[in-house]
Amino acid sequence: MPGMRQRPDFSTDDDADGGTRVALTGPLIVARIGDIDKRLRALAGPVATIDLSGLTAIDTVGAWVVWRLARDNDAQLTGASDEATRLIDAVSESKGTSRLTPERPPALTRALATLGETVIGWGQGTLAGLGFLGQVILAVRDVVREPRRFRGKALIHQMELVGVNSLGIIAMMSFLVGIVIAQQGAVQLQQFGAEILTVNLTGRIALRELGILMTAIMVAGRSGSAFAAQIGTMKLTEEIDAMRTIGVSPMVALVLPRVLAAVLMMPLLGFVAALIAIVGGATISVMTLDIPFFTFLRRIQEVVPQRDLWVGVLKAPVFGLIVALTGCHQGMQVSGNSEEVGTRTTQAVVQAIFTVIVLDAFFAVFFSKIGWI
Amino acid sequence: MSEAPPSPASAPAPESDPGREPKLADGQEDVRHPIVVEGLCNAFGDHVIHEDLSLTVNKGEIIGVVGGSGTGKSVLMRSIIGLQVPQAGKITVLGRDITAAQDDDDIDIRSRWGVLFQGGALFSTLTVAENIEVPLKEFYPEIAPALLDEIARFKVMLSGLPENAAAKYPSELSGGMKKRAGLARSLALDPELLFLDEPTAGLDPIGADAFDRLILELKETLGLTVFLITHDLDTLHAICDRVAVLADRKVIAVGTIPELLASDHPWIQEYFNGPRGRAALEAKDTPHHDAAAPAIEDDADDDERAPMAPDEQDR
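Those sequence lines, one after another, are chains A and B.
Going by the numbering used here, the first sequence opens with residue 235, and the numbers climb by one from there.
Going by the numbering used here, the second sequence opens with residue -5, and the numbers climb by one from there.
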């Protein structure tokens, strides 16, 4: 239809009573409204009548523009078709004054409020985390009293997910970390002619610190996030509520297997990580320091005290506990919509890694104070 | 008006305003039938959903689509709006062959229909007003911000929401309000065609009644053609001009409810003559259930409406 290709337009002249008459023509529809709306807004002077008889089409947006013009100028409408009248009636109920954006306090107030909320949130988060630890301990008590309620299969399944399935990526990561430690250490130590100490550096740092720490970070990213997302989704779909109503404790059925799996698997994974980091260090030493592979490994035995192994292995279950607790706790706190699953998962990972690093610093000071240097 | 819905033959005359019927340049548009589905086949793997399904929707009618769970009502709607590419068949919407169209090149047709998804599908990070403005900004970037805001306001009002709802985020709205907000967004571009996927599912009977009336009012005011998927027998009785029944992978019958009642297909008989079907029919015959009944408050004492159980079977 040719009319659709036209643009709406208007002309002004004086009507019989000397007022201004605006005559609209063409299709006054949303697809063509942009330009004429701006021109009508800019129209100077009062309008006495608006003539709609030249319109070939009108929709609610066109009706609104006509009605707004009439309202603002207190103008009469003439020549409106039945359809135009009906549409104008329908839109005229809108007052056009309600606010469209949520009320927001001034920026300074908001910044201060956010700061305050963050601080309070930290405090409450710590308390809630401790509370969750308490619930887990109570669940352990329940299971000890009634061992048949323990989910052996779930535990094995989670151990596979947390431990066995992450072996590959953790091995790969540790091997590369080992290479970096040995290579960077060697560059610095060569300046003192002490490149043989690269062995000490690699062995001790892998067993004591980096093996465990990197593993904890990987497990947090891999399993902590999965715990939060799984449990959070179950919370959203009311599976957790359903469990409760049929007498299954989600703490025993969901949280405990995951926490135990992480606590049990972390020392093993950390140990593997440390060993592979040493292998990585030995590999790079063969290439850059001309230290034979097996000489490197024998030397490790001589220069790394067994205590370093225990330092690492003692920290590992604590880190595993932190990662699993934060993951499950954040998951259990999901409510409302699917967006929250995402936020809570992010929080679980960030909190877990942060807490692990804080605790690691604490352990470093603690072990040196008790003389495990 | 739904007391005596027109028969399909004499079905709702096209709105007699040529201006509201923009034709495509090729001039092929069948003005009287905005949706024509011919020989549609849809299958997921071995599971055949539709086989040789045909359906013609008349301009200006509210067509209700019913069928048991899994008969592919939503798949049919998704095929018509181009979200689902069928295995075979031809779907013509507003004169455009949807099955032949590429994803993005049927942009002008997308501005001529509005879709209300089951859950409202509002963008959760935007307020209701911003949700309504999204399609407007997308299609008509030249519209001034002031006019966008005014449009958002009156669309909110048209869809029966209180004006202050415009500033709210979807998460702050109840289920019924979300549907209305979704309806407001689907009406943003003044479409000719409105697709509604179970608009009253999950609403309480009073809210569902009010929503039915809203759809009827909007259809009459705006001259819409409405494609309505529903399980709600009351909705069928109250507002649908014709009902299409999906079963055995195709549309087994289309017609007014009295016409369908005359059919001897067992599913149709069971559907309309089951306890719920009868309750809905009786409810419809009580005077205050007349489609023209006014505001929500008047129906507050309405307890004759059949419970909304049919949609539970769908879960």
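A hint or two may mislead.
Claimed, not checked - 20 Å max Cα-Cα, derived EDC-like pairs, lysine to aspartate or glutamate:
| no. | chain 1 | residue 1 | chain 2 | residue 2 |
| --- | --- | --- | --- | --- |
| 1 | B | Lys84 | B | Glu45 |
| 2 | A | Lys329 | B | Asp46 |
| 3 | B | Lys172 | A | Asp308 |
| 4 | B | Lys278 | B | Glu264 |
| 5 | B | Lys244 | B | Asp102 |
| 6 | B | Lys131 | B | Asp102 |
| 7 | A | Lys329 | A | Asp306 |
| 8 | B | Lys213 | A | Glu351 |
| 9 | B | Lys131 | B | Glu166 |
| 10 | A | Lys329 | A | Asp308 |
| 11 | A | Lys329 | B | Asp143 |
| 12 | B | Lys213 | A | Glu337 |
| 13 | B | Lys213 | A | Glu327 |
| 14 | B | Lys162 | A | Asp316 |
| 15 | A | Lys272 | B | Glu157 |
| 16 | A | Lys272 | B | Glu211 |
| 17 | B | Lys172 | A | Glu574 |
| 18 | B | Lys278 | B | Asp198 |
| 19 | B | Lys162 | A | Glu573 |
| 20 | B | Lys131 | A | Asp323 |
| 21 | A | Lys329 | B | Glu136 |
| 22 | A | Lys272 | B | Asp102 |
| 23 | B | Lys162 | A | Glu337 |
| 24 | B | Lys172 | B | Glu157 |
| 25 | B | Lys172 | B | Glu136 |
It should be emphasised that the hints constitute simulated quantities derived from the structure, not laboratory data.
Against the structure, the hints come out as follows:
1. Lys84(B) / Glu45(B): Cα-Cα ~12 Å, so holds.
2. Lys329(A) / Asp46(B): violated (50 Å)
3. Lys172(B) / Asp308(A): violated (36 Å)
4. Lys278(B) / Glu264(B): holds (18 Å)
5. Lys244(B) / Asp102(B): It is violated: about 30 Å lies between the C-alpha atoms, which goes past 20 Å.
6. Lys131(B) / Asp102(B): Answer holds: Lys131(B) to Asp102(B) is near 14 Å, not above 20 Å.
7. Lys329(A) / Asp306(A): holds (12 Å)
8. Lys213(B) / Glu351(A): violated (48 Å)
9. Lys131(B) / Glu166(B): Judged against 20 Å, a Cα distance of about 24 Å means the pair is violated.
10. Lys329(A) / Asp308(A): Answer holds: Lys329(A) to Asp308(A) is near 15 Å, not above 20 Å.
11. Lys329(A) / Asp143(B): holds (12 Å)
12. Lys213(B) / Glu337(A): Violated: Lys213(B) and Glu337(A) sit about 34 Å apart, past 20 Å.
13. Lys213(B) / Glu327(A): holds (18 Å)
14. Lys162(B) / Asp316(A): Violated: Lys162(B) and Asp316(A) sit about 35 Å apart, past 20 Å.
15. Lys272(A) / Glu157(B): violated (25 Å)
16. Lys272(A) / Glu211(B): Not satisfied, since the Cα-Cα distance of roughly 31 Å exceeds 20 Å.
17. Lys172(B) / Glu574(A): holds (19 Å)
18. Lys278(B) / Asp198(B): holds (17 Å)
19. Lys162(B) / Glu573(A): holds (17 Å)
20. Lys131(B) / Asp323(A): Not OK: Lys131(B) and Asp323(A) at ~25 Å, beyond 20 Å, violated.
21. Lys329(A) / Glu136(B): It is violated: about 24 Å lies between the C-alpha atoms, which goes past 20 Å.
22. Lys272(A) / Asp102(B): violated (23 Å)
23. Lys162(B) / Glu337(A): Roughly 10 Å between the alpha carbons, so the hint for Lys162(B) and Glu337(A) holds.
24. Lys172(B) / Glu157(B): holds (14 Å)
25. Lys172(B) / Glu136(B): violated (28 Å)
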